[in-house]
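Q: Sequence:
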Amino acid sequence: MTSDPFKITVDDKQVFEIHPDEAHDLDLIPDGDGRWHILHKGKSFEAELLEADYAAHHYVLRVNGIRCSLHISDRYERLVQQLGLHAGGSQKMNAVKAPMPGLVLDILVKPGQQIQKGDPLLILEAMKMENVIKAGGEGTVKSVQVQKSAAVDKGQLLLEIE
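Each residue of the sequence shown is one higher than the one before, counting from 144 in this note's numbering.
It is possible that some hints are incorrect.
[What the hints assert, rightly or not] Computed beta-carbon distance windows for the label pairs: (1) ALA238 with LYS291: 14 to 22 Å; (2) GLU305 with ASP164: 36 to 44 Å; (3) GLU305 with GLY185: 49 to 57 Å; (4) TYR197 with GLN256: 39 to 47 Å; (5) TYR197 with GLN257: 20 to 28 Å; (6) CYS211 with PRO173: 16 to 24 Å; (7) GLN299 with VAL158: 43 to 51 Å; (8) GLY185 with LEU300: 39 to 47 Å.
For the record, the hints were derived by calculation from the structure and aren't laboratory data.
Here a beta-carbon is modelled for each residue, glycine too, at the ideal position from N, C-alpha and C.
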């Protein structure tokens, strides 16, 4: 059974696909400072994750000193786009969960605050990197379920939104 490829768009210009089977060809070596050394087909790359919007599958990296923006989509996201279901304006959300285990460095919202898609909500440190967790839709912060400096698990409820 062949897996569907991921489509990767670089700087809104260059598009390429990578099959999950090809990902095994990447040799990723963390350097312990939030950076990675990558070996692929005999070529060496130094990469650093600068920004991550996990809900939107959008990432900003520095690769060999060059800053680039990536959007990664799978077949389901592409199907939703083809059906036009992504073009409805804003989306309501009801919860924000931790995309990975980490430490809450800062909480940028409080109960009663209105939020829009893309608004920064909190900062989560994971793998020695600061990750800004952004709103995936609009709503009002109902409650904050974590405290600053708290350790959280992947999938743990961080904020309730109404």
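Q: It remains to establish, for every hint, whether it holds in the given structure.
A: Taking the hints in turn, this is what the structure says about them:
Separated by about 19 Å at the C-beta atoms, ALA238 and LYS291 satisfy the suggested range of 14 to 22 Å. The beta-carbon spacing between GLU305 and ASP164, approximately 43 Å, falls within the hinted interval of 36 to 44 Å. Range check, GLU305 to GLY185: Cβ separation about 53 Å, and the 49 to 57 Å hint holds. Range check, TYR197 to GLN256: Cβ separation about 21 Å, and the 39 to 47 Å hint is violated.
Between TYR197 and GLN257 the beta carbons are some 22 Å apart, a value that agrees with the proposed interval 20 to 28 Å. Look at CYS211 against PRO173: about 20 Å separates their beta carbons, and that is inside 16 to 24 Å. In this structure the supplied range 43 to 51 Å is violated for GLN299 paired with VAL158, their Cβ-Cβ distance being about 35 Å. The beta-carbon spacing between GLY185 and LEU300, approximately 45 Å, falls within the hinted interval of 39 to 47 Å.
Hint violations for this structure: numbers 4 and 7, all remaining hints satisfied.
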